[in-house]
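*Asks:* Chains as they are written, first to last, in this note's numbering: chain A, 53 to 135; chain B, 2 to 202.
Hints were generated in silico from the structure; no laboratory data involved. Cβ coordinates follow ideal geometry from the N, Cα and C atoms, glycine included. Careful: at least some of the hints might be erroneous.
To be verified - Over the 12 Å line for every Cβ pair with chain A, so calculated as not near, a few chain B residues:
| # | residue |
| --- | --- |
| 1 | Pro9 |
| 2 | Ile29 |
| 3 | Met31 |
| 4 | Arg39 |
| 5 | Ala50 |
| 6 | Ala67 |
| 7 | Met88 |
| 8 | Arg93 |
| 9 | Glu99 |
| 10 | Ala103 |
| 11 | Ala124 |
| 12 | Glu128 |
| 13 | Gly173 |
| 14 | Ala176 |
| 15 | Arg191 |
What the hints assert, rightly or not - Derived CB-CB ranges, DEER-like:
| # | chain 1 | residue 1 | chain 2 | residue 2 | range |
| --- | --- | --- | --- | --- | --- |
| 16 | A | Asp71 | B | Pro118 | 50 to 56 Å |
| 17 | A | Ala75 | B | Ala7 | 24 to 30 Å |
| 18 | A | Gly87 | B | Gln134 | 36 to 42 Å |
Stated by the list, open to error - Simulated crosslink set (DMTMM-like; lysine to aspartate or glutamate; CA at most 25 Å straight-line):
| # | chain 1 | residue 1 | chain 2 | residue 2 |
| --- | --- | --- | --- | --- |
| 19 | B | Lys139 | B | Asp52 |
| 20 | B | Lys201 | B | Asp132 |
| 21 | B | Lys139 | B | Glu129 |
| 22 | B | Lys201 | A | Glu100 |
| 23 | B | Lys139 | B | Asp49 |
| 24 | B | Lys139 | A | Glu100 |
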Amino acid sequence: MNQIACISGVDLLMDYLEDVVSADVRQALDAHVAGCARCAAFIAAYCETPRIVRQATATGIPADVQRSLRSFLRDRRIGPDAS
Amino acid sequence: MVVPAAEPTDEALAARAAAGDDRAFEAIVMRYEGRVFRLACRLTSDTDAPDVLQETFLQIYRHLPAFRGESHFGTWVYRIATNAALMLRRARARRPAESLEAYLPRFDAHGVHVETPTELQAASHAEEILDRQFLAEKARAIITRLPDLYRDAFVLRDLEEMSTADVAQVLGIEAAAVRQRVHRARLMIRGYLSELVAVKR
Chain A
53 MNQIACISGV DLLMDYLEDV VSADVRQALD AHVAGCARCA AFIAAYCETP RIVRQATATG
113 IPADVQRSLR SFLRDRRIGP DAS
Chain B
2 MVVPAAEPTD EALAARAAAG DDRAFEAIVM RYEGRVFRLA CRLTSDTDAP DVLQETFLQI
62 YRHLPAFRGE SHFGTWVYRI ATNAALMLRR ARARRPAESL EAYLPRFDAH GVHVETPTEL
122 QAASHAEEIL DRQFLAEKAR AIITRLPDLY RDAFVLRDLE EMSTADVAQV LGIEAAAVRQ
182 RVHRARLMIR GYLSELVAVK R
C-alpha cells in the first residue's frame, strides 16, 4: 500500500488513531499526511473536536437536582436518612 | 502528623453498600451523581436528566448485590445510567431522523479534499472565534441532532472518555462498530463547527 488518497485516509483515520491498522497502512497514511497540508489540517480539527464539545457541554449537577435525588431515595427508604 | 485515611475504592464501597451499609451507598451517590447527571444531559436533555439520575441510583441500589466485579464499578454504573437514559428516550416521541451528511468532508473525483487547509482546520478555532455561551448551546444542539446510534457512542467514548472496549461493553456492540459510529459523529460535528466558525468570520 504505497499511495493513498485523502478520502481513504479519512475513512481509516479513527482506526489509525486507535492503532488497529496494519503497519503498511500506517506507513502509507503517515507518508500521505506528511505531504498533504489538507489532511494535516483536517486531522488537527478532527482530533480537537471531541475536546471542544466535551468542554462546551460540561455541566455540574444543580443543587435542586441533588436535593430531589436525596428526597427520591429517602421516599423509597434508601440511604442513611431513610429511617 | 495526621495521615489522611485513603479513600475507599468503588469496589469496597459497593461491597459494603450491598451488605446494607447505607453510608457506603450515600458515598457512591456522592461519587457518581455528577457524572451520571452529566451523562444523562448528554444522552437525553436537561429536562429529562433528573429522572434518569433517579432511576439510575434506584437501579444501582437494587442490583448492587448482583455486582460481581466482572467489570469496573464505574463501567457498571455507566451501563445502568445509559440504559436508563435510552429507556426514557424511547418513551419519548420519536424525532424524525435528520440528515447531517452535509457536514461530512467533501472530496473531488480524485479523492482529494475539496476545502482548503484553512477551511479544513476551522473547527479547531471554535473556542477562539465563538462566544462561549453560543458554543455551549450549539454543541448541545448538534449532539441532539446526531442519529441516536452515533450520539450514544460519541457521548460515551469522546465526551465521557470511556475506552472503546468499555463503550462496546456498555452498548453491547463490537469495538469496530463503536469506532465506526464515533468516527461518523466526529466527522459530522467537525463539519458543523467549521460552518459555525465560517459564518462568524
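*Asks:* Taking only the CA atoms, is the gap from Lys139 (chain B) to Asp52 (chain B) under or equal to 25 Å?
*Replies:* With Cα atoms ~24 Å apart, Lys139 (chain B) and Asp52 (chain B) stay inside 25 Å; holds.
*Asks:* Holds or violated: is the Cβ of Arg93 (chain B) farther than 12 Å from all Cβ atoms of chain A?
*Replies:* holds (19 Å)
*Asks:* Closest CB-CB distance from Ala176 (chain B) to chain A, is it above 12 Å?
*Replies:* violated (8 Å)
*Asks:* The output says Arg39 (chain B) does not contact chain A. Does that hold with a beta carbon cutoff of 12 Å?
*Replies:* Given that some Cβ of chain A is not farther than 12 Å from that of Arg39 (chain B), nearest at about 6 Å, it is violated.
*Asks:* For Lys139 (chain B) and Glu129 (chain B), compute the direct alpha-carbon distance and say whether it is at most 25 Å.
*Replies:* holds (15 Å)
*Asks:* Checking one constraint from the list: CA of Lys201 (chain B) to CA of Glu100 (chain A), max 25 Å. Satisfied?
*Replies:* This hinted pair holds, its Cα atoms lying about 19 Å apart.
*Asks:* Minimum C-beta separation from Ala50 (chain B) to chain A exceeding 12 Å: can you confirm that?
*Replies:* violated (8 Å)
*Asks:* Classify the label on Met88 (chain B) as holds or violated, using whether its beta-carbon is more than 12 Å from each beta-carbon of chain A.
*Replies:* Answer for Met88 (chain B): holds, closest chain A Cβ roughly 17 Å.
*Asks:* Please verify that the nearest CB of chain A lies beyond 12 Å from Glu99 (chain B)'s CB.
*Replies:* holds (17 Å)
*Asks:* Test the statement that Arg191 (chain B) is away from the interface with chain A: the closest C-beta pair must be farther apart than 12 Å.
*Replies:* violated (5 Å)
*Asks:* Just want to verify: Ala67 (chain B) was marked as not at the interface with chain A; is every Cβ pair farther apart than 12 Å?
*Replies:* holds (16 Å)
*Asks:* Hey, does Glu128 (chain B) actually stay past 12 Å from chain A on C-beta?
*Replies:* The claim is violated: Glu128 (chain B) sits with its nearest Cβ about 6 Å from chain A, within 12 Å.
Against the hints set out earlier in the document, violations occur for numbers 2, 3, 4, 5, 11, 12, 14, 15, 16 and 17.
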